[in-house]
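S.K.: These are the residues of each chain, in order.
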Amino acid sequence: MIRFDAFLVALLIVLVGASAVGVISAQHEARKLRNAFEHEQNRAQNLDVEWGRLQLEQSSLTDHRRVEKFARERLNMTSPQPGQILVLEDRP
Amino acid sequence: MTRSPKAVTFNHTPLLQLGLPQWRARLVLLVLLAGMGTLAGRSLYLQGVHNEFLQAKGESRYARVLEVPATRGRISDRNGNLLAVSTPVYSIWAIPSDASQITPGQSRQLAQLLEMDVTDLNARFAAGRDFAFLKRQVSPELAGKVAALGLPGIHQQNEFRRFYPSGEVMAHMLGFTGVEDRGQEGIELTYERMLTGQAGSRRVIKDRRGQVVEDVESIRPPRDGDDVTLAMDARIQYLAYTALREAVQQHNAKAGSVVVLDVQTGEVLALVNAPTFNPNNRAHLTGAQLRNRVFTDAFEPGSVMKPFVAAMALESGKFQAATPIDTHSGHLVIGNRTIHDTHPYRTLTVAEVIQKSSNIGAARMALEFTPEQMWGLYTRLGFGSPLQLGFPGEASGNLRPARDWRPIEQATMSYGHGISVTLIQIARAYLAFARDGELLPLSLTRVDAPPQGVRVFSPRVAREVRAMMETVVNPGGTATRARVTGYRVAGKTGTANKVEGGRYVNRYVSSFVGLAPVSNPRLVVAVTIDEPSAEQHFGGAVAAPVFAQVVEGSLRALGVAPDAPLAPLQLTALVPTENGRRDPVEGGL
Chain E
28 MIRFDAFLVA LLIVLVGASA VGVISAQHEA RKLRNAFEHE QNRAQNLDVE
78 WGRLQLEQSS LTDHRRVEKF ARERLNMTSP QPGQILVLED RP
Chain G
640 MTRSPKAVTF NHTPLLQLGL PQWRARLVLL VLLAGMGTLA GRSLYLQGVH
690 NEFLQAKGES RYARVLEVPA TRGRISDRNG NLLAVSTPVY SIWAIPSDAS
740 QITPGQSRQL AQLLEMDVTD LNARFAAGRD FAFLKRQVSP ELAGKVAALG
790 LPGIHQQNEF RRFYPSGEVM AHMLGFTGVE DRGQEGIELT YERMLTGQAG
840 SRRVIKDRRG QVVEDVESIR PPRDGDDVTL AMDARIQYLA YTALREAVQQ
890 HNAKAGSVVV LDVQTGEVLA LVNAPTFNPN NRAHLTGAQL RNRVFTDAFE
940 PGSVMKPFVA AMALESGKFQ AATPIDTHSG HLVIGNRTIH DTHPYRTLTV
990 AEVIQKSSNI GAARMALEFT PEQMWGLYTR LGFGSPLQLG FPGEASGNLR
1040 PARDWRPIEQ ATMSYGHGIS VTLIQIARAY LAFARDGELL PLSLTRVDAP
1090 PQGVRVFSPR VAREVRAMME TVVNPGGTAT RARVTGYRVA GKTGTANKVE
1140 GGRYVNRYVS SFVGLAPVSN PRLVVAVTID EPSAEQHFGG AVAAPVFAQV
1190 VEGSLRALGV APDAPLAPLQ LTALVPTENG RRDPVEGGL
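Read top to bottom, the protein sequences are chains E and G.
All the letters of the first sequence, read from the start, carry residue numbers 28 to 119 under my numbering.
All the letters of the second sequence, read from the start, carry residue numbers 640 to 1228 under my numbering.
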């Protein structure tokens, strides 16, 4: 009977020790994951900012004033004169 | 006593037989117990009573409160083109007392990066303040370079800056924000509540290397501003901007405005003023540039009011489109005043009064009604009260109460003198002709379902007046230059003398308000040119071409099928004298 008690205590001590190690490693893991999460969140934010900048750039590049200038000066385009317009009608 | 080594008992060592008094042992015990009691008491105190304070102290060594920035909403046009975007920038600031350690070489380097004068920079360091901005709103790249210098006492602060890619084209519509990213004008101010975000904060635990290892709590979640989608169509806005700018330059005018409305929904598709400004660089702004004249300037509209009077006349049944009106060969005496038509006619039909823009014809029609009836019409059309679109500084115009009207005033009001309106009001009122007699509330933001309209004219009358207004642009009318290839258009010219110090002066506001295409109207376009000073000043010559240019491009951009043959027009540009001869001078007070 005494031997059994001693065995139980020893087992519990081992289990408590294992649990303690488990808690520590879980905590460590949680911190690592949190760190990674923060990192990704930062990255997402930076990408968002980048996206905004790219949209801004797109808007600037497609600005009507710029497009018209290019069309007229580089491509020598002009607005069609009345005689040059042909309307195709969609008759079923 | 024999003593063998085995029998040695140390108990009997005389040295140990000191016979110390009992109290000494007890004292030691007591002292030890007291020491232990003190420790226990102290630990109880720390653990139990003082615990919270100590916990907080401990946490403050590694817990941090982080600001979570929120961005301001974006503004886009109806097709999703971005018109205003906030992007992060940095402000560089210094703690002058810390910055005193900076060497002259370093400060030269810094000054070069920030494009500042070294002496100016040193002056800021020398100033006895705790805080000094060195440069606000610099790009992230530049901020990175400054940080790389690693100078003592130089810090950075995250901010947002608003960019307007379309620049001056949309300036008055969008307005702008201040350095703190708060709306100050235009849509930015009107929709400030929606656009503005709310920065949040959260408490975190950081490790030795400054990395976040635990999220303790979110104190306040950040809320990004909502995006605003305008009713505006960037293509039409650009067309209106170009046309207006050219006209203002060509006629050497003081100012000008254009408004384009969607007939089906009451949306404001374009809104342009000249002169304008660049919202991205507001260093040298004048009040004239900032004025959003479409909303803030009430002017005497002149003859563009005549179609309303004609509609009232037809609605009553007292007049038909073909009813002849005696126009007294150009002079009509009312009380002690005389009103004139510059191009006299003996009689004109109601339709011709509109086509030729006869003041006397309009006055004769108006005088068949009581002042209350006319006041009621103008009020129903929205004159004299602001549109309540929430735009800053909107004028209500001036419509005096009917009981004060003398007959001469009622007569002049029929052709748009003695009453003042804003361009947006008159454009909205013309919706009644475009929508077969119905008025809509206007909207600056995109509308999905058209709102409920209010009927002001019967459909028959609205169509009849529309037909009259079409004759205005046809040969024999006052605005042949408003015609557009491929589309039938209708409208009315206005040329009003300006009032200065209560007197009419020889300066003019030329206007044209019209709709297109006539068979199934899609657009109402209103144009004013303020003080055209180069040779011509008639609405038909100055404002009508702007109308034509805007309508032609806009209808094509919207993909509206032509309702007229695409034959080249006999443009009056080929017969330049026609306008000068045919245009009756208006505003003959």
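Derived from the structure by calculation, the hints contain no laboratory data.
Accuracy of the hints is not assured; some may be wrong.
[As the list claims (entries may be wrong)] Mimicking DSS-like on lysine-lysine, the simulated pairs with C-alpha atoms at most 27 Å apart in a straight line are:
{"#": "1", "chain 1": "G", "residue 1": "Lys-1137", "chain 2": "E", "residue 2": "Lys-59"}
{"#": "2", "chain 1": "G", "residue 1": "Lys-784", "chain 2": "E", "residue 2": "Lys-59"}
{"#": "3", "chain 1": "G", "residue 1": "Lys-1137", "chain 2": "G", "residue 2": "Lys-893"}
{"#": "4", "chain 1": "G", "residue 1": "Lys-784", "chain 2": "G", "residue 2": "Lys-774"}
{"#": "5", "chain 1": "G", "residue 1": "Lys-845", "chain 2": "G", "residue 2": "Lys-696"}
S.K.: What hints, given by number in increasing order, does this structure fail?
M.R.: 1, 2
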